[in-house]
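Number of protein chains: 2
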Amino acid sequence: MTAPAPSEKALVPFVSVDNMMRLVHHIGLERLLFELTDVIEADFCRWEAFDKTPRIASHSRDGVIELMPTSDGEIYSFKYVNGHPKNLALGFQTVTAFGLLAEVSTGYPVLLTEMTLLTALRTAATSALAARHLAPKGSHTMALIGNGAQAEFQALAMKAVLGLETVRLFDIDQRATEKVLRNLAGSGLDVIACNSAETAIEGAQIITTCTADKQYATILTDNMIGSGVHINAIGGDCPGKTELHRDILLRADTFVEYPPQTRVEGEIQQMDPNYPVTELWQVIAGLADGRREAGQITLFDSVGFAIEDFSALRYVRSRVRETGLFQEIDLIADPDDPRDLFGMLQRSNTLKDCA
Amino acid sequence: MTAPAPSEKALVPFVSVDNMMRLVHHIGLERLLFELTDVIEADFCRWEAFDKTPRIASHSRDGVIELMPTSDGEIYSFKYVNGHPKNLALGFQTVTAFGLLAEVSTGYPVLLTEMTLLTALRTAATSALAARHLAPKGSHTMALIGNGAQAEFQALAMKAVLGLETVRLFDIDQRATEKVLRNLAGSGLDVIACNSAETAIEGAQIITTCTADKQYATILTDNMIGSGVHINAIGGDCPGKTELHRDILLRADTFVEYPPQTRVEGEIQQMDPNYPVTELWQVIAGLADGRREAGQITLFDSVGFAIEDFSALRYVRSRVRETGLFQEIDLIADPDDPRDLFGMLQRSNTLKDCA
Chain A
70 MTAPAPSEKA LVPFVSVDNM MRLVHHIGLE RLLFELTDVI EADFCRWEAF DKTPRIASHS
130 RDGVIELMPT SDGEIYSFKY VNGHPKNLAL GFQTVTAFGL LAEVSTGYPV LLTEMTLLTA
190 LRTAATSALA ARHLAPKGSH TMALIGNGAQ AEFQALAMKA VLGLETVRLF DIDQRATEKV
250 LRNLAGSGLD VIACNSAETA IEGAQIITTC TADKQYATIL TDNMIGSGVH INAIGGDCPG
310 KTELHRDILL RADTFVEYPP QTRVEGEIQQ MDPNYPVTEL WQVIAGLADG RREAGQITLF
370 DSVGFAIEDF SALRYVRSRV RETGLFQEID LIADPDDPRD LFGMLQRSNT LKDCA
Chain B
70 MTAPAPSEKA LVPFVSVDNM MRLVHHIGLE RLLFELTDVI EADFCRWEAF DKTPRIASHS
130 RDGVIELMPT SDGEIYSFKY VNGHPKNLAL GFQTVTAFGL LAEVSTGYPV LLTEMTLLTA
190 LRTAATSALA ARHLAPKGSH TMALIGNGAQ AEFQALAMKA VLGLETVRLF DIDQRATEKV
250 LRNLAGSGLD VIACNSAETA IEGAQIITTC TADKQYATIL TDNMIGSGVH INAIGGDCPG
310 KTELHRDILL RADTFVEYPP QTRVEGEIQQ MDPNYPVTEL WQVIAGLADG RREAGQITLF
370 DSVGFAIEDF SALRYVRSRV RETGLFQEID LIADPDDPRD LFGMLQRSNT LKDCA
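Chains A and B are the protein sequences, given in the same order.
Residues are numbered in the working numbering as their position in the first sequence, beginning at 1, plus a constant of 69.
Residues are numbered in the working numbering as their position in the second sequence, beginning at 1, plus a constant of 69.
These aren't lab readings, by the way, just hints derived from the structure by calculation.
Warning: the hint list may mix true and false statements.
Here are the computed lysine-lysine pairs in the DSS-like style, where the Cα-Cα straight-line distance is at most 25 Å [as the list claims (entries may be wrong)]: (1) B:K155 / A:K155; (2) A:K121 / B:K121; (3) B:K155 / A:K78.
Just so it is clear, the structure is predicted and the values come from calculations on it, not from any experiment.
If we strip away everything but chain A, and leave its shape as in the complex, we get (with noise of 0.2 Å):
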């Protein structure tokens, strides 16, 4: 006689690394970009039924654990993702994360996941997003500042997005720019590496800045920003880490997540805790003016938000259950009688000793 198998209510999906990696490329990596953008977008246009908190962060001299939770009512979820700036050093990544998704209605978790992966895939969702409704029209080239972990999902995300042609790369390493160069190869991408952010940004209507140095920086200096460009500004995301000069702020439309944790990590940290913001998901619902005219300056000051992660999980939710890429795993006691925990214990050393 063995111990009887755990039962359904007990067992929750987990998305292992490479549950995840084989379903990116089950979808196709471009579709999944364009897909979760959509997804987002969706939930951005509800944006009031969720449950928004800023996150909550424990910092520590090397880096941040940070958990975010959020709610809309009828699923909970919550992403704990770390920063570590000095990790690369050591051979480890900079941001690793797992989220999970749970029933309100019942509190049990529904899947739990990787997602460091997924975090960047949301995250250049997410950049896609803000760009189709703030960069010009017919945008074709995007510069891109900072060629890390980020670097190649932020391009593919705006060529399936926004039929983004051309980037151009800089990076104060350079390995880190071949590293991109190499891996869109083929991409279908033209791809042209830099040597300073002066050149990159030359041509172009899009540009990204994605450095990761946990400190005050400045990637772009206001003579560098023509009339018209939008900026999508991904790497100043926790307090003490910015990538623009603050003039470029003052002549930019300014578009955020969510303003109480923006004001707290983004790029407006450094302006006036009255400086004008509008929130994307109300240029999304039809409620604000995105870009009004060809000579503004338009910025995403994105920081990442909870929401986003909801929507990443979701969609992965609905993806694995067709292709059957995950696990199950017992991470819920569930005794016959609810009341009995302790009986359920005992019954299984009796079942052991039988066995």
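We have chain A already, so just place chain B on it with the hints.
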């Protein structure tokens, strides 16, 4: 050719419900409760080393989902836990939980484990820890009012830590009491079923209340409480949920885990914000008095705090290492070059094509 196995950094030890039950049987339940009480005591002694924050709750009509993070600067922990009183009628657990430990220096997870069972264990161990410092010397009899999922763990922790001999049971649902009678047969405790709370507390030095209704209730009234007893109040643990009449609180000396959380969630939510409380850790560290005299009524107004979960998680981590009672799951993406997340994804596809 097959895809390479994930690197060691990518793998996180996972303790399933099944392995947690095996671990309990391997160590022995009473020994585990005794050791866990000591581990929690050691962490309460260094209380000031921890980041403390009230839990982050997402309330809904049917219940609550909470995240409970803490850190001692070296190790970070959090627990996911729900509380859904109506789950019982649906055949689900009222409380389920899982938790995680991570290295603060890198942000990398080092343990993922079920915590439904572990929460019952740590709650019982914390009750025993409080009773070790607050209950009358030589306490041998405990009234146990509310005979749900927590009950047997409470009784056995008091036996393991204090040498309790007799448990007197009462529940408004007689089947719950019968379940405890059955489960504690052969435990070495004298177990007596009583037909009222009044009868249950006769001759008891310790009175434990652990009922589950999410509403203001009065399980104990002032006239029931004689001098010199220790009250271990477990069930009043969220806004709107209490078990004791406020007149008892006016006579008792009240001890709590973390005042900012207990004033919202505990029995003392009924009292003035200035109602005096003593932090249990200060008693344990020798900075405040516990029981001063025989006639004193002591009350441990327990709501559960993140540091208790931290202690339980680090105990499990040390014990599963030596027993091998865990699986490794592929939770963290770990590319050879940490900046080359995209390359890892791309190569996984090539490798699969060749397989």
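Status of each hint after checking the structure:
Restraint check for B:K155 and A:K155: the C-alpha separation of about 47 Å exceeds 25 Å, so the hint is violated. The straight-line distance between the Cα atoms of A:K121 and B:K121 is roughly 22 Å, inside the 25 Å bound, and the hint therefore holds. As the CA atoms of B:K155 and A:K78 are separated by approximately 16 Å, the hinted pair is consistent with the 25 Å bound.
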